[in-house]
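There are 2 protein chains.
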Amino acid sequence: MVNLEDIKYFKSLLGEDRVLTGDEINEDFSHDELGGVSKMPEVLLEVQNTEEISKVMKYAYEKGIPVVPRGSGTGLVGASVPMLGGIMLNMSSMNKILELDEENLTLTVEPGVLLMEIGKFVEAHDLFYPPDPGEKSATIGGNISTNAGGMRAVKYGVTRDYVRGLEVVLPNGEVLNLGGKVVKNSSGYSIKDLICGSEGTLAIITKAILKLLPLPKKTISLLVPFKDLDTAISTVPKIIKSKAIPTAIEFMQREVILSAEEYLGKKFPDNSADAYLLLSFDGNSKEDVEKDYGKVAEICLNEGALDVYIVDTDERKEAVWNARGAFLEAVKASTTEMDECDVVVPRNKVAEFIKYTNELQNKFNIRIRSFGHAGDGNLHVYILKDDLNKEEWNNKLEEIFKSMYSKSMGLNGLVSGEHGIGFAKKKYLFNQYGEEYISLMKNIKKAFDPKNILNPQKVCE
Amino acid sequence: MVNLEDIKYFKSLLGEDRVLTGDEINEDFSHDELGGVSKMPEVLLEVQNTEEISKVMKYAYEKGIPVVPRGSGTGLVGASVPMLGGIMLNMSSMNKILELDEENLTLTVEPGVLLMEIGKFVEAHDLFYPPDPGEKSATIGGNISTNAGGMRAVKYGVTRDYVRGLEVVLPNGEVLNLGGKVVKNSSGYSIKDLICGSEGTLAIITKAILKLLPLPKKTISLLVPFKDLDTAISTVPKIIKSKAIPTAIEFMQREVILSAEEYLGKKFPDNSADAYLLLSFDGNSKEDVEKDYGKVAEICLNEGALDVYIVDTDERKEAVWNARGAFLEAVKASTTEMDECDVVVPRNKVAEFIKYTNELQNKFNIRIRSFGHAGDGNLHVYILKDDLNKEEWNNKLEEIFKSMYSKSMGLNGLVSGEHGIGFAKKKYLFNQYGEEYISLMKNIKKAFDPKNILNPQKVCE
Chain A
1 MVNLEDIKYF
11 KSLLGEDRVL
21 TGDEINEDFS
31 HDELGGVSKM
41 PEVLLEVQNT
51 EEISKVMKYA
61 YEKGIPVVPR
71 GSGTGLVGAS
81 VPMLGGIMLN
91 MSSMNKILEL
101 DEENLTLTVE
111 PGVLLMEIGK
121 FVEAHDLFYP
131 PDPGEKSATI
141 GGNISTNAGG
151 MRAVKYGVTR
161 DYVRGLEVVL
171 PNGEVLNLGG
181 KVVKNSSGYS
191 IKDLICGSEG
201 TLAIITKAIL
211 KLLPLPKKTI
221 SLLVPFKDLD
231 TAISTVPKII
241 KSKAIPTAIE
251 FMQREVILSA
261 EEYLGKKFPD
271 NSADAYLLLS
281 FDGNSKEDVE
291 KDYGKVAEIC
301 LNEGALDVYI
311 VDTDERKEAV
321 WNARGAFLEA
331 VKASTTEMDE
341 CDVVVPRNKV
351 AEFIKYTNEL
361 QNKFNIRIRS
371 FGHAGDGNLH
381 VYILKDDLNK
391 EEWNNKLEEI
401 FKSMYSKSMG
411 LNGLVSGEHG
421 IGFAKKKYLF
431 NQYGEEYISL
441 MKNIKKAFDP
451 KNILNPQKVC
461 E
Chain B
1 MVNLEDIKYF
11 KSLLGEDRVL
21 TGDEINEDFS
31 HDELGGVSKM
41 PEVLLEVQNT
51 EEISKVMKYA
61 YEKGIPVVPR
71 GSGTGLVGAS
81 VPMLGGIMLN
91 MSSMNKILEL
101 DEENLTLTVE
111 PGVLLMEIGK
121 FVEAHDLFYP
131 PDPGEKSATI
141 GGNISTNAGG
151 MRAVKYGVTR
161 DYVRGLEVVL
171 PNGEVLNLGG
181 KVVKNSSGYS
191 IKDLICGSEG
201 TLAIITKAIL
211 KLLPLPKKTI
221 SLLVPFKDLD
231 TAISTVPKII
241 KSKAIPTAIE
251 FMQREVILSA
261 EEYLGKKFPD
271 NSADAYLLLS
281 FDGNSKEDVE
291 KDYGKVAEIC
301 LNEGALDVYI
311 VDTDERKEAV
321 WNARGAFLEA
331 VKASTTEMDE
341 CDVVVPRNKV
351 AEFIKYTNEL
361 QNKFNIRIRS
371 FGHAGDGNLH
381 VYILKDDLNK
391 EEWNNKLEEI
401 FKSMYSKSMG
411 LNGLVSGEHG
421 IGFAKKKYLF
431 NQYGEEYISL
441 MKNIKKAFDP
451 KNILNPQKVC
461 E
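Just so you know, the protein sequences line up as chains A and B, in that order. Under UniProt numbering, the very last position in the first sequence is 461; numbers go up by exactly one each time. Under UniProt numbering, the very last position in the second sequence is 461; numbers go up by exactly one each time.
So here's chain A without its partners, still in its complex pose (with noise of 0.2 angstroms):
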């Protein structure tokens, strides 16, 4: 669909170096870490700046061709993916902090500074950004676009909670400023809030404007053993009810942390028991924390911990987190091929439906890993392929899938927490949401893109 004209145009306004086609553009474009899908784009325009994507935009519209903007790939549901070739806006190079405003507590980024680079900037600062996705290497524009949550979402929400004002290109080339500074806004229909979350199929965001928190003078975690996780995962409504609150509160399984130690060559500091929660507490002093983790401790010896370990060192912080923040590529390194499911569900469904996911493994006869976030509901449970020929793989997987989105459902649960629908999960998103809900996404889509072209094939399409 991409023409010799087509890319004379490009390298007249971005000149030669960033324009790639054909075997210029690295393979890693094709595909994110997990979709299961991948293509190639026709062509990789390394853009710069708002200007080049307006220009861009209003030509590829002109012309109808497709076009996906990617940031650094880590999706996990194909939404980066140039379904239909195209066009593929690399944002990584927009990649700068352009101002700190600490009368308003806001922080303007452009769309390919990375989640890391963030954290680290504002800390500076004594200043705190708030979601807290476990891929760091992420980009703010994806997080964005998938209103990515993480594990503080139980205390403090999700990206959106934290996005004030975008500057985006519609597909036509038009450049839009939504929201701002501003702390309340009831100016018209909430676009901002609308592109959050749409992935990358509705605009292209190329600056946003974050809120702030002070950042909190201390925190805590607490590590708790339970001799299964039926009793640990239990445990988890009766703290939301207590009043106390959270940073985070994880689960972890003996299955998952031994992937991690193999994973990182590091050893775990416990190995006494089969499941645990890892929770987190911050606030500005000693006393403040140390009231609410007291509250949370004695709950957990209830509810029938084995014990609860207090993580205060940072060598002992660093080893339970890393291990938490490996679990994705640990579980990963461990098979041939894994597919994800990422539901969310009420917080007191969560242990009901990780008890089904455990019937399912054996149903099925096929390793199911699963880790996530118990104080938000929000689950990564992980269907792993190791030496299954791809016809069973397929099989299984599709049965699985099935039997897991139909169970998420019955508990009011929905499709996806955080990692998006993408490319992947559209048929278990369609099947939820019914004919009518689809359509109304539908046209809304069309609203932004008439003719279909940016991102297409994704979410609703």
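If you are wondering where the hints come from, they were derived from the structure by calculation, not from laboratory data. Note that beta-carbon positions come from the ideal geometry of N, C-alpha and C, so glycine has one too. Hints are not guaranteed to be accurate.
Here are the simulated DSBU-like pairs of lysine-lysine, each with C-alpha atoms no more than 35 angstroms apart in a straight line [unchecked claim]:
| id | chain 1 | residue 1 | chain 2 | residue 2 |
| --- | --- | --- | --- | --- |
| 1 | B | LYS317 | B | LYS295 |
| 2 | A | LYS238 | B | LYS120 |
| 3 | A | LYS286 | B | LYS8 |
| 4 | B | LYS207 | A | LYS211 |
| 5 | A | LYS218 | B | LYS218 |
| 6 | B | LYS451 | B | LYS8 |
| 7 | B | LYS227 | B | LYS8 |
| 8 | A | LYS355 | B | LYS207 |
Label pairs and their calculated CB-CB ranges [said to hold, decoys possible]:
| id | chain 1 | residue 1 | chain 2 | residue 2 | range |
| --- | --- | --- | --- | --- | --- |
| 9 | A | PHE121 | B | ASN322 | 43 to 51 angstroms |
| 10 | B | ILE310 | A | ASP312 | 53 to 61 angstroms |
| 11 | B | LYS286 | A | ILE310 | 22 to 30 angstroms |
| 12 | B | GLU103 | A | PRO450 | 40 to 48 angstroms |
| 13 | A | LYS217 | B | ASN302 | 17 to 25 angstroms |
| 14 | A | ASN177 | B | LYS238 | 41 to 49 angstroms |
| 15 | A | ASN322 | B | GLU103 | 52 to 60 angstroms |
| 16 | A | LYS217 | B | LYS286 | 17 to 25 angstroms |
| 17 | A | LYS217 | B | LEU264 | 54 to 62 angstroms |
Chain B: place on chain A using the hints.
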């Protein structure tokens, strides 16, 4: 547009008693609290449940009859006025609190529940619904429809941040469930977030699942007198920068306090100064709260505060916050007619904006009164008609609004912080956003409501 056959259908659906026409409809239903526009509906339907609304909408959609939902009618921009007559749905009878879920910290309510009822109910369970708009007799449906903000937005954010799920009826009568009790959600476009703040133009809210927090155990207020308003407001960015997190920072001027004293027949606890900041703090212990306000008190004194009064007895709290709560009504009672500007500007621009309104007051020789949320940049500026004749009033008002909204734009502010656009503020929204932005909003409206029957002529229409 509504004919006898239509009335007959509605009576067959709802019974004789719940279908009102002509003189049976109270004149109150033709206007809200301020919008300056009024129009009677042709028929008022006292709906009681989602199914009825769905049936009415199906019918209206087929026949192309305009429909406007209405809560308590406490709006300030004419959003609930039936500009084309047609059907008005009175949502007030759908006023049941349906479920408190303490394990998921959610409250499920019908849209007609009043804000004051929610506060009372959850506080009795030691829980907290943070949004705190001044008008406590507004319905939650109305609050969601304007994405109401209120005083506690500084620390806790706005209504949108506390809406986890919605049940809505689309203009064609279809019922959708959006979100749910889940804490995270990346499952397709966030239609829920688009409905929040859409002022009843995209869908009718028939149920809401609200997020609750544990009730802070301790709250305290500081009343801080300053020699003038500029000094008071200029202190606010310094408080924000200090990384203290007050729950609210309100500003108030002598003139407005005097109006409130007169209106309430009660003395304000202090009369030493021309301008005040009223701050509140909350936390889980006396020490927490003291540490926070101690720092802020020091900043205020350094910046020229005349004193700092700790408002900690119930009696004092009541006196101060009741006065604050009565400002709108008190200013309204002090004049013949008034209109309002509800801009939101970055927090460090509030002082400049207020200074500008004072200049306008002199330039146009008219009374302008303001109060509002210094901590979140959302101002409520009232222009008072007093004894001007209609023509003078309209001319001055237009000039003053033009100047104010243009000033706000120059400060990167937005037309409405929390009262919405409705009918009355469309002109200023159109002017600020420009053609492309408004046309995108119109496309979104069309995606929901291709026949434009739901609350027509509002927001972007």
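- prompt: So which of the earlier hints does this model not fit?
  reply: Hints 3, 7, 10, 14, 15, 17 are the ones this structure does not satisfy, whereas the remaining hints hold.
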